[in-house]
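Peer 1: Based on the sequences and whatever the hints tell you, model everything.
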Amino acid sequence: MISILLKDIIDEFESQIVDPEERFTTTGVSWEQYEALLARLGDSLRYRVTYLEGTLEIMSSSRPHERRKKNIGMFLEAYFQETRISFWGLGSTTFRKKDKQGGTEPDESYCIGTDKEFPDLAIEVVVTSGGIDKLAVYKKLGVKEVWFWQNNHFSLYYLRGDEYEQITTSELLPNLDLALLAQYVVRTDTLEAILEFREQIRQNK
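As numbered in our numbering, residues 2 to 206 make up the sequence shown, in order.
Just so you know, the hints here were simulated from the structure itself, not pulled from any lab data.
Incorrect hints may appear among the rest.
[What the hints assert, rightly or not] No farther apart than 25 Å at their CA atoms in a straight line, the calculated lysine-lysine pairs in the DSS-like style are these:
hint, residue 1, residue 2
1, K101, K145
2, K135, K99
3, K141, K117
4, K135, K145
5, K135, K98
6, K140, K99
7, K101, K71
8, K71, K117
9, K117, K145
10, K135, K101
11, K206, K140
12, K101, K117
13, K145, K71
14, K117, K135
15, K99, K71
16, K145, K98
17, K71, K135
18, K117, K99
19, K98, K140
20, K145, K99
21, K99, K141
22, K98, K117
23, K101, K140
Peer 2: Pasting the structure below:
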């Protein structure tokens with residue numbers, strides 16, 4: 002029964018794909034069905050899956066989305082290296098908690114300082130709006146800080162107590178100039194941009 006439902010979900014989603022970046026949401030999905038879908042998709046890079054209290058979202062990613070998330074990751078890791086900050090890059094690992102009924106796959110994610118079960122920082126590239134409230138999912142997972150990249154700038158949220166608070170400067174990386182980072186992320190000459198970004202960091206030490 003579960004396998005039939007999973008096939009129906011995937012078939013319905015694929016039938017709706019017109020743009021390379023599409024989002025499909027359905028409700029009434031059990032945790033067992035969610036985990037079975039993850040097992041069926043395996044390490045597929047084609048889809049990203051989010052689950053929140055019975056609501057399931059499947060998203061296919063576009064080339065611009067992937068390029069932007071890759072750039073953000075490259076520049077952020079350059080910053081870690083230049084400032085000698087210990088980090089563990091977890092990419093789009095599936096993070097989930099059954100007791101909290103939530104799970105998702107960030108665009109990029111990092112543990113900072115020490116390796117942990119769940120990341121300190123999750124990054125989401127937003128190309129199309131709508132879908133499951135990602136902050137609600139990340140709150141269930143206990144992710145300290147979430148960055149959303151949309152319209153060529155970052156919006157940051159920090160988990161303070163039981164709620165996310167919007168912030169202008171990263172609590173995890175207080176010395177990182179996010180406006181400068183955003184300027185480099187949108188550059189198309191990636192190699193030159195990374196070299197210049199590294200030099201800027203060295204000069205500002």
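Peer 1: Report the numbers of all earlier hints that the structure fails to satisfy, in ascending order.
Peer 2: 7, 11, 15
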